[in-house]
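**Q** Once you have looked at the hints, place chain E on chain F.
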Amino acid sequence: GNSVTQMEGPVTLSEEAFLTINCTYTATGYPSLFWYVQYPGEGLQLLLKATKADDKGSNKGFEATYRKETTSFHLEKGSVQVSDSAVYFCALSPRSSNTGKLIFGQGTTLQVKP
Amino acid sequence: EAGVVQSPRYKIIEKKQPVAFWCNPISGHNTLYWYRQNLGQGPELLIRYENEEAVDDSQLPKDRFSAERLKGVDSTLKIQPAELGDSAVYLCASSPGSQGTNEQFFGPGTRLTVL
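Line by line, the protein sequences are chains F and E.
Per our numbering: the first sequence = residues 1 to 114.
Per our numbering: the second sequence = residues 1 to 115.
Treat the hints loosely; a few may be bogus.
[Claimed, not checked] Here are the simulated DSS-like cross-link-like pairs (lysine-lysine), alpha carbons at most 27 Å apart as the crow flies: (1) K71/E to K101/F; (2) K78/E to K101/F; (3) K101/F to K62/E; (4) K62/E to K11/E; (5) K77/F to K60/F; (6) K60/F to K101/F.
Because the hints were derived from the structure by calculation, they are not lab data.
Excised from the complex, chain F in its bound form (with noise of 0.2 Å):
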């Protein structure tokens, strides 16, 4: 089946440190990969996608890269800021079933310190 495995949470950075936070994948095919992220008290929102291999989503200075090979779409920031502290969702939507059916990893919790 389709399932998204997320890096355990929460992860705890100071300002301009480095993030990763690791996702990977188990899909039928080639899905579609996306980052959702929730901030405190409103809805996800999208943050990037990759629709293929080593396609690269980039956006407000995040960027993941969809690895094939290692079925990972791991998601990085160079420097991390205070207004990033946030749940990040890692997502898939199969590529068979092209109805855009998400289906999400646990979540992982950053929270960033001045």
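**A** Okay, now just chain E, sitting in the frame of chain F:
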């Protein structure tokens, strides 16, 4: 542009009572999703609509949950009767189409507590 609107934001009820959640998607979005998010977990799809048709309700517990999307715009999700295990955040999302590459836009959710 207005985002996805949900109401109420919070609801506390006793078990065995009915409850309903309302969602107004982004104008022009044909596809609407209802998700349930348990504490510390990612959202899980309950039902997907294409216009007014429910095209994927395989994850909806049909003995107590029901949903409708009259006229293909607003949608209502109902639970009757509610159980303790239904405590969760119920999220509504919409997208302009159902292709797997489309972005889904989420509302703020309704946090349900069943006592």
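**Q** Provide an ascending list of the numbers of those earlier hints which the structure does not satisfy.
**A** The structure conflicts with no hint, since it agrees with every one listed earlier.
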